[in-house]
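According to my numbering, the sequence shown is numbered sequentially starting from 2.
None of these hints come from the bench; they were simulated from the model.
Straight-line distance between alpha carbons at most 20 Å, and here's what the computed PhoX-like set of lysine-lysine pairs gives:
1. K233 x K135
2. K265 x K242
3. K265 x K241
4. K268 x K242
5. K210 x K249
6. K79 x K69
7. K110 x K27
8. K268 x K241
9. K226 x K135
10. K227 x K135
11. K265 x K135
12. K265 x K233
13. K27 x K109
14. K222 x K135
15. K229 x K135
16. K33 x K110
17. K204 x K249
What you are looking at is a predicted structure, and each value in this text was computed from that prediction instead of being measured.
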Amino acid sequence: MIKKFQLLIMGIIFICGCGIINPKGKVGIEQKYLILTSTFLMLLVVVPVIIMIFIFAWKYRASNKNAKYTPNWSHSNKLESVIWLIPIVIIFILGILTWNTTHDLDPKKPISNITPIRINVVALDWKWLFIYPKEQIAIINEIALPVNVPVEFHVTSSTVMNSFFIPQLGSQTYAMYGMQNILHLFPNEIGTYTGISSNYSGKGFSDMKFRVIINSNTDFKSWIKKVKQNSKLFDFNAYKKIYESSIKNPVEYFNSIEPNIFEKIIKSNLLK
2 MIKKFQLLIM GIIFICGCGI INPKGKVGIE QKYLILTSTF LMLLVVVPVI IMIFIFAWKY
62 RASNKNAKYT PNWSHSNKLE SVIWLIPIVI IFILGILTWN TTHDLDPKKP ISNITPIRIN
122 VVALDWKWLF IYPKEQIAII NEIALPVNVP VEFHVTSSTV MNSFFIPQLG SQTYAMYGMQ
182 NILHLFPNEI GTYTGISSNY SGKGFSDMKF RVIINSNTDF KSWIKKVKQN SKLFDFNAYK
242 KIYESSIKNP VEYFNSIEPN IFEKIIKSNL LK
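Working from the sequences, and respecting the hints, build out all of it.
Below, the structure written as structure tokens:
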């Protein structure tokens, strides 16, 4: 019992540390309310049951001679109705809630009518490669986004399956070899956050993190200029070099990219 309680506390601490209950993006906020609402509805059953356990244990203890003793009692229509009706209603409400939010928060569904910033993401051992096709830049283990502007991630993997996740912004999506998944997010608050891999992928998995910088539009443009001050071209030869496994890879900037490099990476994986 004590071990289970310790695991519960550790789980709560882990969730708090990830930032899931402290969201800074539109999707994350919606997911937070979904989690809290679902938990509250389930507690409507769990809490009364726990309370009744202690009440019944005290009231019907062996030393209480005033407690009603009915050894032949076996059925109550009223009690059966309560036991079944309340959980059925809660499950029905949860079903509707889950159905609606599953479709509303579909990662592939655009969040806004505003044209999103596109970022191509490649999971490697054990680092993240980010390609901005419009801005013609590439970065390892860092991204920057303007606040209140939607972003569209196209995610793939050049190694084993991984999971691309920015806890404080919202949904995660899987990065799979030779495929690409789409994830839409919407940052609402300026700040610096941490992105992670939430799918085990080997010995460097725990250090497979990246910095997420949410800036004003002016600061975002300044960040783009800073990246472009470097004189590194990201072409397929550069990709082959960073393909090699590394742990705690430092942030690295490339001021220009080879045309259609993201598509070439996916195609090269399919041909292996």
